[in-house]
Structure formats: C-alpha cells, structure tokens
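Trainee: Sequence:
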Amino acid sequence: MLLGCAVLPMCLSAQSDDAAKLHDEAIVVDGHVHIITPVFHQGIDPWKVQETGLFDYARARQGGLDVVVHNVYIEDPYNNYNYAVKQACRLIEIFYRVLDANSDKMELALTSADVRRIVAKGKMAAILALEGGFDTEGDLDVLRLFHRLGVRMIQPISHNTTNAFMDAGLGITRWGGLTEQGRRVISEMNRLGILIDLSHATDEAKLQIIEASRAPVVGSHHGLRRFVEHKRNLSDEVLKAMAAKGGLMGMHSSSGYIGVKLAEWRKARSTATAGRSSAPRLRHLIEGFEFHRPAYEDFGAYIAKLDAKMHDRWNSGGYGTPWREAHRKAIEAGRPLPTVGDWADLVDYVVENVGDSHVGIGLDLMSGPNIVDFDATGYGRLTEALLKKGYSEQRMKKILGENWLRLFDQAKVP
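Residue numbers (our numbering): 6 to 419.
A portion of the hints provided could be inaccurate.
Lysine-lysine pairs mimicking DSS-like chemistry, simulated, CA-CA at most 25 angstroms apart [to be verified]: (1) K128 / K53; (2) K110 / K53; (3) K128 / K110; (4) K394 / K245; (5) K110 / K26; (6) K126 / K110; (7) K250 / K126; (8) K417 / K245; (9) K402 / K26; (10) K394 / K266; (11) K393 / K126; (12) K110 / K393; (13) K334 / K266; (14) K128 / K402; (15) K310 / K91; (16) K26 / K394; (17) K26 / K91; (18) K250 / K402; (19) K26 / K393; (20) K393 / K266; (21) K236 / K250; (22) K91 / K314; (23) K236 / K266; (24) K272 / K334; (25) K402 / K417; (26) K26 / K128; (27) K26 / K126; (28) K236 / K272; (29) K402 / K245.
Treat the hints as calculated values from the structure; they're not laboratory data.
Turn these sequences into a full structure, and let the hints steer you where they fit.
Mentor: Laid out in structure tokens, this is it:
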C-alpha cells in the first residue's frame with residue numbers, strides 16, 4: 006500500500022495489472038523481519054539499500070511492504086549468564102534510535118488502528134517483537150517492562166536454547182513442554198496483550214502453549230513438515246491445533262524449510278549417518294570460545310569479548326557475502342532453490358486444510374539463499390503468485406496482512 010506500480014516499475018512491471026493494483030491496495034505485513042541485529046553487528050543504515058542481507062527498509066519500501074514486525078533477535082550465546090535481557094534492551098534501544106532518525110518514513114504501531122493510521126499517511130508501520138525470549142528465567146516483571154517499551158509479540162522460547170520454563174525444539178528437552186512458570190508466562194502475555202509466538206518450541210511445548218493460551222497464538226516463520234522434514238517446520242497436528250484456536254502461521258521463505266526439491270537433493274547427496282551422535286548441538290555455545298566469566302572483577306570484559314566474537318561470527322556466517330553472490334554460488338553448486346510459486350503452493354496447502362484466516366507472510370529474510378533471486382524488493386511477486394491461484398480479493402488481502410492485524414487485536418484477553 007505504500008507505493009503503487011507506477012512508482013515501482015522495476016519491481017512490479019512484470020506483474021499483471023490486477024496483481025499490482027491489489028498489492029497497492031492491500032496492507033502488506035511481514036510478520037517476521039530481522040534488521041535491527043544487522044544494524045548492531047554491521048553498523049548499517051537500514052534505510053539505505055544494502056548489498057548484504059535480503060532485507061532493509063529501502064528495499065522493502067520498493068517492494069510495497071507496509072508493516073514490518075521487527076523480531077529483535079537475541080542470539081543464543083547471549084543466554085549465557087542471562088545476558089538475554091541485556092541484549093534485548095540494547096537492540097530495542099537501537100530500534101528506537103532508527104525510529105527517531107527516520108520519523109518521516111516510519112512510526113511505531115501498538116495496535117491495528119495505529120497500523121491503519123500510519124499506513125494511510127504513506128509511512129511504514131513498525132511493530133516491535135522479540136525472538137529469542139525475554140528472560141531465561143521467565144521473570145514476569147521483565148516481561149511487563151518490555152510491554153511498556155512497546156513490545157507486542159514475543160517468542161518466549163529462548164530461540165534454540167531450552168530455558169527455565171520451556172523446551173526449545175533444537176535444544177535439550179528437559180520439561181516435556183512447559184513448566185508451571187511457563188504457564189504463568191503465557192497467562193501474563195494474554196493479560197498484557199502480547200501476541201504469543203510459539204516458533205522454536207518443541208512440538209509438545211507448542212501444543213501446550215496453544216492449550217494454555219486464552220488468545221490465538223502464532224508461528225511467525227515456519228514451513229510445513231509434511232513437505233520438508235525439519236524440526237523447525239510445523240506438523241499438521243500443530244497447524245490444525247493452532248488454527249482451531251484462531252491462530253496463524255507465517256510462511257517462511259528459507260530454502261531449507263520450504264524447498265521440497267532442495268530437501269530431495271540434499272537427501273540424495275547425504276552420506277551415511279551411522280555412528281553420528283544424536284545429541285543436539287548446544288546453540289548457546291560457540292566452539293573454541295571460553296565461556297567462563299569470573300564472578301568478580303570482570304567489569305565488562307566478558308561481554309565485550311562476546312560482542313566481538315558475535316560480530317565476527319555474524320559477518321563470516323553469511324552477512325559478509327553479498328546476497329546475490331550467495332545465490333549464484335548456491336545455484337552453481339546445483340542447489341534447486343524454491344520459487345515464489347513453490348511458496349504459494351505451501352500457502353495454498355494451509356488454505357485448503359485449515360482455511361484462509363490462518364496463514365500470512367513470515368519470510369524471515371536474512372542472508373539467504375531463500376527463494377531463488379528474491380530479496381525485500383520482491384513482495385509484489387508473492388501477490389502475483391497468490392493471484393495465479395485464483396484467489397478472491399478478500400482472501401488475498403487476508404493473507405497479505407489482514408490476518409496478522411486480526412491476531413494483534415485478539416492478543417489481549419482479560
């Protein structure tokens with residue numbers, strides 16, 4: 006809705022007139038975006054087009070994105086010594102600095118009414134969220150403080166690290182889902198009106214979150230396990246339970262989660278796995294990095310060392326390579342990356358099985374490669390791919406953004 010096809014000839018000229026018109030009229034929401042963490046690690050200006058990474062505001066504006074749900078990403082190593090709270094605070098402060106410096110282009114939204122008001126002014130609406138938990142111990146006062154700071158969606162699971170109240174899907178299974186404190190966290194999120202994101206939890210924890218919550222919940226960035234066998238993808242059981250409670254899944258764009266042909270290609274190339282350990286890798290540790298902090302007289306040396314290591318790991322792990330180069334290397338290696346049509350096929354599966362009220366956009370655009378030749382300029386291509394399914398205008402607008410706005414309205418339950 007921010008910009009029409011006439012303003013975006015490079016992005017939308019290849020689309021049909023109907024797709025361009027609908028994309029311009031709809032409120033387009035991406036429910037899982039990372040940009041503040043790249044600002045922290047790389048010092049970039051997110052309102053300038055970047056060569057690395059798949060998302061920045063400048064390209065998203067070109068792509069006609071209206072609403073960014075900022076998932077402030079607390080990486081697992083910050084869970085050591087419960088630096089998760091410190092890192093969340095630092096990243097939120099960076100978010101507000103970016104917001105203040107670009108008030109002519111973006112505003113913070115706390116409600117769907119805010120979103121509609123902001124978008125009507127031609128600005129991008131920003132909703133603040135946390136990925137990677139809010140506190141490894143589940144302190145409710147910390148949760149309440151983040152709500153005061155404007156956070157309106159939280160993934161209570163500490164990313165891939167099992168915390169003191171909830172099991173992480175790629176962490177150590179310790180609680181069989183939620184503890185009693187985990188249930189108190191869910192209840193308080195309902196009371197405050199913080200949308201619950203069950204992404205990264207175990208299947209058991211996901212189902213228990215859905216059951217315990219009085220409000221609908223979301224899985225903000227997932228593929229479907231029926232098509233790609235991956236722990237991070239939603240099983241049909243979880244998808245149906247979430248939809249039955251009124252919830253929503255955001256369809257991912259990662260080739261590893263939605264690339265059916267890529268999964269088959271990897272399987273064909275895989276070597277025998279006999280003898281490999283089945284123990285999960287501890288994502289909060291960094292190989293070769295000493296995680297010992299003296300109890301006294303440290304005075305910030307540990308966190309400074311950790312920050313430096315994380316900056317280096319971020320840039321060497323993908324963000325140091327231009328995204329187009331990463332795509333080229335993947336294709337030259339023979340990797341069959343998914344297309345926008347493949348993405349739309351998965352959306353269609355959700356529509357056919359649980360209805361069009363329970364799916365939206367949650368691309369998780371990071372360093373890639375994700376969908377082939379796709380970055381944040383390409384949101385209009387998703388609209389075109391969905392329109393080819395023969396969807397009605399009403400269905401299209403729900404999937405493009407209205408479903409997300411409904412969930413934010415329904416998050417608060419007294």
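Trainee: All hints are to be evaluated individually against the structure, with a verdict given for each.
Mentor: Here is what the structure says about each hint:
1. K128 / K53: holds, 16 angstroms
2. K110 / K53: With a Cα-Cα distance of about 12 angstroms, the restraint between K110 and K53 holds, given a limit of 25 angstroms.
3. K128 / K110: Given pair K128, K110 holds - Cα atoms ~5 angstroms apart, limit 25 angstroms.
4. K394 / K245: Distance ~22 angstroms between K394 and K245 Cα, so the pair holds.
5. K110 / K26: Answer holds: K110 to K26 is near 22 angstroms, not above 25 angstroms.
6. K126 / K110: Measuring from Cα to Cα gives roughly 9 angstroms; hence the hint holds.
7. K250 / K126: violated, 34 angstroms
8. K417 / K245: With Cα atoms ~22 angstroms apart, K417 and K245 stay inside 25 angstroms; holds.
9. K402 / K26: holds, 12 angstroms
10. K394 / K266: Measuring from Cα to Cα gives roughly 21 angstroms; hence the hint holds.
11. K393 / K126: Violated - the C-alpha atoms of K126 and K393 are around 30 angstroms apart, more than 25 angstroms.
12. K110 / K393: Given pair K110, K393 is violated - Cα atoms ~32 angstroms apart, limit 25 angstroms.
13. K334 / K266: Roughly 17 angstroms separates the two Cα atoms, so the pair holds.
14. K128 / K402: holds, 19 angstroms
15. K310 / K91: Given pair K310, K91 holds - Cα atoms ~15 angstroms apart, limit 25 angstroms.
16. K26 / K394: holds, 17 angstroms
17. K26 / K91: violated, 44 angstroms
18. K250 / K402: Roughly 21 angstroms between the alpha carbons, so the hint for K250 and K402 holds.
19. K26 / K393: holds, 14 angstroms
20. K393 / K266: Status holds; Cα separation ~21 angstroms.
21. K236 / K250: It holds: about 22 angstroms lies between the C-alpha atoms, which stays within 25 angstroms.
22. K91 / K314: holds, 17 angstroms
23. K236 / K266: holds, 18 angstroms
24. K272 / K334: holds, 20 angstroms
25. K402 / K417: holds, 23 angstroms
26. K26 / K128: Holds. K26 to K128 sits at ~19 angstroms (cutoff 25 angstroms).
27. K26 / K126: Holds, because 18 angstroms separates the two Cα atoms, which is no more than 25 angstroms.
28. K236 / K272: holds, 16 angstroms
29. K402 / K245: Distance ~22 angstroms between K402 and K245 Cα, so the pair holds.
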